[in-house]
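Colleague: Start from the sequences, fold in the hints, and give me the full structure.
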Amino acid sequence: MLPPFLQFVIRRLFYALLSMVVITMMLYAGIMLTPPEARARLYIPPGKGGERASENYIAVVIRENHLDEPYLVQYAYWVKSLLTGSWGYSPTMRADVLPALLHRTPATLELATLSLLLLIPLGLYSGLLSGWKPGGTFDGVFRFLAFLGTSMPPFILSMILLSVFYLKLGWFAPGRLDIATQLQMEKSGFVEYTGSLILDSLVNGRLDILLVSLRHLAMPVVTLSLYHWATLARIARSTMIGERSKDYITAARARGVHEWDLIWKHALRAILAPSLTTMVLSATSIVTGVFVAEIIFDLPGISQVIVIAMSSYPDAPAALGFAVYSVVMVLGLMLVLDIVQAILDPRVREEVLQS
Amino acid sequence: MSRLRFFLSRWQNWIGLIIVLTFTIMAVFAPVLSPANKTTQGVFMKVGRSTDRVPHPPSAEAPLGTLPGQIDVYHALVWGAREAMIFGLLVALGTFIIGVLFGVTAGYSGGAVNSIMMRISDAFIAFPPLAGVVFLQQIVAITIESMGGIYWFNNDYVGRVVDFQFTPPPFAVFLMKVDPILISLVLFSWMPVARLVNSIVITLKNTDFIQSARALGGKPFWIIRRHIIPNSIGPAIVLSARDVGSSVILQATITFIGLGGQSAWGILLSMGRNWVIGPGGDIFAAWWVFVPATLAIILFGTGWNLLGDGLTEMLDPKRAQ
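Chains P and E are the protein sequences, given in the same order. This note's numbering numbers the first residue of the first sequence as 3 and each following residue consecutively. This note's numbering numbers the first residue of the second sequence as -17 and each following residue consecutively.
Treat each hint with caution, since some may be false.
Where chain P lies over chain E, by a calculated footprint (3+ residues, C-beta under 8 Å) [as the list claims (entries may be wrong)]:
no.	region
1	94 to 106
2	109 to 117
3	228 to 240
4	246 to 260
5	280 to 287
Cβ-Cβ distance ranges computed for the label pairs, FRET-style [said to hold, decoys possible]:
no.	chain 1	residue 1	chain 2	residue 2	range
6	E	V273	P	V143	20 to 28 Å
7	P	E39	E	S32	38 to 46 Å
8	P	F140	E	T185	35 to 43 Å
Just so you know, these hints were derived from the structure itself, not from any lab. For glycine and all other residues, C-beta sits at the position ideal for the given N, C-alpha and C.
Modeller: Here it is in structure tokens:
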């Protein structure tokens, strides 16, 4: 018998796999709407003519890739090609899709991780404090900010941030690195280990590079955090309001437990589960937000792939690969949040251990 | 009646109602508020020479100033309200129809069919709409190309360019008219409605009146139409209505980042984005290039959200007692 926690993780992995199957089936059904001749072009490697490929050659490609067979057979072959890593060749990027996506992943992960690490503690903290004394000054300020955060569309906020903090004040900058820093890095023998500038600069002991990369990440992180901070903090606050009048809090207070301990030891645990559930449910919108922030702030993350694919002639392999890859990211984020919740929340932990 | 009184007793609901009504009036009376003339293209009207790349402040012929290229902000704002309203309501309608059909079918079938269908709807939740928007547009592009058209994406807020060397086949004409953003937003936002309707149907199925309708020999379709749909429709309408605001904001976002779509307000912002810091380094020196569109988008979203929250609270059985 496996340890219960591992069982829990395996069950979650299984659900994620199931979602993956449903979504890829739907995506392939979408691709099936186009005629086989058009789909054959997705399989033509670079340098084989692309647009001007002869009809005979296209017929060969259709046969070789089973493009004229029933849906399920085609789907199975496609999944096989996904698993073996051949995600097709993107004509607009002039590169294979999977390496192009993998190469851009560290930048995306950096932005997402940094934002989550900022917004989850901040959301829980502010929600707790304002829900502890609803109607107070802190609560008033909090509710105003949370309202602003949820009603301000992130793309408008980022447009204003860019104008004020980059164009006018010059404190922060879009993009990932400026050319001067890049050249200096190459000269001084900066070694890339992970592709993440934050980690690499720490390993290399280059605090100046760390500062530069943070300067470039500041605006997207703030944009991304504000919106989801507001959603999370509102849930935390309303749960806290329900929790603070419960018997166990009153009993603990009667025993003479200090207010501070009441908040941080008793109430915090109670609000973790609903708050993190909210985060799991908004995983998709967090990932979408990451893409939007990347595009507006010109960060070369994975959404660069669709920007390139959507700027000239049609490029289905890139769009298809991006769709599959972004679903993997969302499911991964959901899994991580689920596991964090299982570790932190005593009730979920009990449930996991008992099942 | 007491529910209506409860709804009207909260100032947030009043604000939501007033904002939504204002936008409705703008949408309906757009031809009166800002009549189109021969320089209009879609929702955009030119006042002055389009070679003039400097935005001009509000004047008699352009009440809210102009953008670079002398595009009238006021005209685009008013007609944009009409387009946004139509777009939002269509998304909500699509969400509602698919959600109710899916939820009712799954719930009424029950058992394994129900769990499989609900798993499928859960899987959709993990799909980022941005990827769907791009994917759908690429499929449309390939299909049109396979019919002999020349398809070209243009990320300069124009969207797409389609060119046929001959008279296009009817299906291609249809594809060129369909808005892929609208379809993908519907495809990726019906799940909450389906889940809600599904849970209502499952609860209803075991109630006495449905059981007796069945015992009397009522056909499944008749029971669904006569008893189940009327009982689950209220909450489903409210839930879909909340999509009006968020889908218009998402459409504006997609247009702004250049991934397609024809959100007029999104285009206004992306045309004016270089003038947010106006001449002299003052953020409000050329305020008319971004403040009206920003306010329109924020208010539209907020209005529908407040209204949706108010209606949800009104229909909440716990609150009604």
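Colleague: Check whether three or more residues of the region 280 to 287 of chain E sit with their beta carbon closer than 8 Å to a beta carbon of chain P.
Modeller: Holds: 4 residues of the region 280 to 287 of chain E have a Cβ under 8 Å from chain P.
Colleague: Are there three or more residues in the region 246 to 260 of chain E whose C-beta lies closer than 8 Å to some C-beta of chain P?
Modeller: Answer holds; 4 residues pass the 8 Å Cβ test.
Colleague: Is the coverage entry for the region 109 to 117 of chain E by chain P consistent with the three-residue Cβ rule at 8 Å?
Modeller: holds (count 8)
Colleague: Counting residues of the region 228 to 240 of chain E that have a beta-carbon nearer than 8 Å to any beta-carbon of chain P, does the count reach 3?
Modeller: Holds: 6 residues of the region 228 to 240 of chain E have a Cβ under 8 Å from chain P.
Colleague: Okay, P/E39 versus E/S32 on CB: inside 38 to 46 Å?
Modeller: The hint (38 to 46 Å, Cβ to Cβ) holds, given that P/E39 and E/S32 are roughly 42 Å apart.
Colleague: Does the beta carbon distance between E/V273 and P/V143 stay inside 20 to 28 Å, or does it fall outside?
Modeller: holds (25 Å)
Colleague: The hint says 35 to 43 Å between P/F140 and E/T185; measuring C-beta to C-beta, is that right?
Modeller: holds (40 Å)
Colleague: Has the region 94 to 106 of chain E got at least three residues whose CB is nearer than 8 Å to a CB belonging to chain P?
Modeller: holds (count 5)
Hint check: no violations occur; every hint is consistent with the structure.
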